[in-house]
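*Asks:* Here is how the chains run, residue by residue.
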Amino acid sequence: MGSISKRPPPAVPHGFNADYLRIYYGKLFPHVDFFKWLSYGNDGKHPGCDQSYVGRREFSFTLENDIYLRFQSFDSVAEMENSIKEKCPFKIDIGPPAKRHAYAQSGNNVFVPVERELIFDIDISDYDDVRYCCSGADVCKDCWPLMTIAIKILDASLRGMLFCNDFGFNHILWAYSGRRGVHCWVCDSRARKLNNEQRAAIADYFRVYKGGENTMKKVSLTGPVLHPLLARSYTDVLKCFFEDKLLLSQQLFASEERYRKILDLIPDENIASELHDKWQGNRRSSISKEDVNATRWEQLKTTLQSGKQKAQGLRRCVEEIVFSYTYPRLDMEVSKHMNHLLKAPFCIHPKTGRVCVPIDPNNCDDFDPTTVPTLSQLLGELNADGLHSNSENDWERTSLEKPIRFFRTAFLQPMLKACKEELESAYNAKLQQSKNSLACYAVVLAIPDSQRQPLRIISSPTNTTKPPFLYAARALQPDRRVRTNQDARAAAADRHSEPAMAGSGGATYYKGGIKAYWKRRGYGRLDAVSAQRRPRLPTAELGRGAGQPAAGRPRRGWRVRRRGLGRRLLRALSPRRWLARLRDAYVGAMLRLASSAAVGYAGAAPYGAGADPFALPRPLKEYDEKALVEIYRSILAGGGGGVVPVPAAAARLPASTTVA
Amino acid sequence: MEIVRSHRQIAAAAAGGGGGDGGGRAGGLPTYRLAPQLEVRLEEFELFAIDRLGVLKGIADGLSRGKRPEEMEKLVNELWKARMRRQDPAETLNKDIISHFVLRLVYCRTEELRKWFLSMETTLFRYRFRLESHESQRMLMSEFQLPYKALPHLEFEAVKDKLSQVARSIGQSATVESVFFKVPFEEVPDLVASRRVFLSKGYAYVAMSQVVSLVVTQFRCNISKALVLTNRKWMATIKEEEKDRLTPIVEALSNAYFGPDYSQPKDAVEISLKDIDQLARTSFPLCMRHMLEKLRENHHLKHGGRMQFGLFLKGAGLKLEDALAFWRAEFSQKVGSERFDKEYAYSIRHNYGKEGKRTDYTPYSCQKIISATPGVGDHHGCPYRHFGEENLRAALNKMGVSGHPLEEIMDKVKNRHYQVLNLTVLASIGNLLNFDHLNHLKYEIHS
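Going down the list, the protein sequences come from chains A and B.
If you're matching positions, the first sequence starts at 1 in the numbering used here and goes up one per residue.
If you're matching positions, the second sequence starts at 661 in the numbering used here and goes up one per residue.
Simulated from the structure, these hints should not be mistaken for laboratory data.
Do not rely on the hints blindly, as some may be mistaken.
To be verified - Some, not all, of what chain A presents toward chain B, calculated at C-beta under 8 Å:
#	residue
1	Asp66
2	Asp126
3	Asp129
4	Asn165
5	Asp166
6	Phe167
7	Gly168
8	Glu197
9	Gln198
10	Tyr205
11	Gly223
12	Leu226
13	Met332
Stated by the list, open to error - Each computed DSS-like pair below joins lysine-lysine, with the alpha-carbon atoms no more than 30 Å apart:
#	chain 1	residue 1	chain 2	residue 2
14	B	Lys962	A	Lys91
15	A	Lys210	A	Lys343
16	B	Lys1017	B	Lys893
17	A	Lys87	B	Lys1014
18	A	Lys85	A	Lys301
19	B	Lys1017	B	Lys979
20	A	Lys193	B	Lys861
21	A	Lys420	A	Lys336
22	A	Lys343	B	Lys1014
23	A	Lys351	A	Lys402
24	B	Lys1014	A	Lys91
25	A	Lys343	B	Lys962
26	B	Lys1058	B	Lys962
27	B	Lys1058	A	Lys336
28	A	Lys343	B	Lys1002
29	A	Lys141	A	Lys301
30	A	Lys99	B	Lys1014
31	B	Lys954	A	Lys210
32	B	Lys861	A	Lys261
For each residue, glycine too, the CB sits at the ideal point set by N, CA and C.
Bound-form chain A, shown alone (with noise of 0.2 Å):
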């Protein structure tokens, strides 16, 4: 955008507006990354994603004054990029994707959400009646802690850890809501597929909690040992971050009115006021030496577990007491429920100016709230180094650096790979399945349009006993060069939305013939004659980027390259050449079997599993198409197929911005 570029004065000023917003969205905000994590693989490299997933979940915004403006739904990075910074929004909502098409509000549009992340909401106002340092919204280092709790406890149980896993979830994000607490998206598509019973079920397994505020003892644990999960939090978290730090920091016995309040919680009365008439007595005598929060709770402790008492209700206080103080008290309603929204991450906390950067849960003890970056001081460190204004990410030179890393290395790349080997199997299965029951109506072909794209297809019903064709595109459609070239993030970003274009046409329609088509749509006939005709063309290879290194993993590919004769014979020879002849010698057959009339409509039925044989003839399925996209692919893999030249407007579009 180009408004922003007017530089901000040196100082950057305390405080949070829509103009220090707007350059936030527009220089700092991790668009791509953000978008890339809703779309959990579904980006359209794979043909086995759902184009459309993106373009359900429902955005909501809330402008200055408390404007809402929900249902809001992007199928592109570009597209959700440009609505944020036009609209500048000082909260962003996320929602759940839905089943109709999240368009508008209107009439009886009823949105039905598919799936959902699990969210846990922890308010340390909630805590209110156990901290001293602070009330309401505030927090500080001596509460935070109980975050802390939450974030451990949490965390250990829901992830997949050596020894304390109980729902074995990979992919969880915490992150800090900006205020006064924390959120935690657990993004495993298992636990996005829970429904509302199942959610509510994991909520409540972590509730210890309970009454509002007409019961004394909000915390009974009963029966004669703790779950493993109680027991587990209480030896490893609770305990000590009682003992250690709250104790200390909230200083809980240190008045009458304090003391008492624990004191309310031992059923046993006698006990309690043998204590209370202790404490009240001595209330100076040992305060010189040792800390008396910790003498006192050595003392209470000492009195219920020992010996005498035998009652289980008096052993049990101890904990009751600890967990009352210490354990997590979860938002119930926001865990339980499909279509609660919630705050996005890197979002700017209007009351704070705080961004809502992710904790890294493994370190969570060194996380603290009031030394998260704010807006104000982002903006202060990007002028801080405006002359290197060409830098290409601008947060790299902001404290966003950190956590922004950490949302990638951490969370967002596990959790794409974990998509996309779930995506692939999926679909190789999908595969396997429609392999079985493959009767071609004919052949398809397809164009590696830009190399990030699936292979577009078109069936045709008319019968060619040829080969595949193979076509690729000669040049991109003038319209759609114009556009793409906008600007150059318009372009990568204009990468992840053409997918959705080409994945639309599932079912093409053309006339005149399937040459005459392709002739139409500016693709021309791949072999021998165009190659030569086109010989300068640069080259690239399936599946990667364009002018991207073969990086990582050495990937067998197809590409131009003049050979010798020697060389050729050598391939010609080769046995996986054979074998590529051969399949190619099948498939042919297929087809040609298939478009006979002898076979007809009714051919399909001996390899359609449980086809009606008085259905219509059946129209090519989605899975078909697949299946031939990816027979078309082995071709190519087996170097039986040629050269796709690429178009040299497609080859120059620059490398992503985004991380691979």
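With chain A fixed as given, assemble chain B onto it according to the hints.
*Replies:* Okay, now just chain B, sitting in the frame of chain A:
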């Protein structure tokens, strides 16, 4: 008169067109997978359904009183014996299956009906399953084709300590049962919620005695799917075809359950702002009285309280303008009227169906209030259920209940007859005359 055709249609509707012999069965407990090919008399069609409805209604009643599992088991057993049992076991089974499929037809038609039916049938199945012998429980498990095998010995030994820890934590003996099933935790949400299973790596270790949860999840899932299918068939074909015969019966049956509908007040009673305090003293139930008090005291109520109390006032006949004025008067003292207009007025208008999806909400039922889970700073919920004993005594004292009636009430609290309590309490302070009003407010009084 015999109706063969209709029955086939029920079968088709419920089971997607299968010709079973009455659904799978093990012992006396059918799984209702397939509708039977039976001939049913029209009278039986209706009578059986009414009998089963009686059972389901009894269960709903028991649940709303918050009965413990053991009590529920007894209740279900008694209801079943009284309503459904016949002399010939085969006949009982027939009746069971027929009535179930008839009610499926009756309760498939709206989301609300389906939800009610599903939850009652599931509860019925749960307690009937518990009454079955181990042998037939296993048979039922195999009938549901649960793909779970008992935990192999080696694995069992590895987690034995944990299993025994869980068993002891729920008050069972420390000796661990020998048969466990390892299932994804999603399958047993009720056990997870109450921390009655050991969880590890996303699997729940379910003991043989807890297997009912597993089966019930499956049962519920089957019925839920079948109900949706039945609904589709009903809408598409049966409703028209059976316009003269089954449709009237079916429609009459579904109305039989809900009883009087308090959501549309017959005699539109209206209350005005100045009545609220007077009414509160005479005829508000304790929960509402408490919230009014807290509202006056703190000039604020948290969301749950605003919903419960706001909708109650709406149900009592407070108009939107009055409601806004009422809440504004209180809230503005704490947050200022500007913030009230910005942050709170919307949800009040929303309750009255003037915002968002414009649903005309009805007051919460006692059951919903009882099952609420008030958190920190919340004042909503059912006092009899959610208050500590001390606080409840104090609150009742404040209402003017003391001495013998108070003890009686505290007794009832212990026995969890929450819903009856509103009546008892009001009666003890001499306001029996307000029954009608109470009733009108959807606080149903069960005998």
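*Asks:* Are there hints from earlier that the structure breaks, and if so, what are their numbers?
*Replies:* The structure conflicts with hints 18, 27, 32, although it agrees with all the remaining ones.
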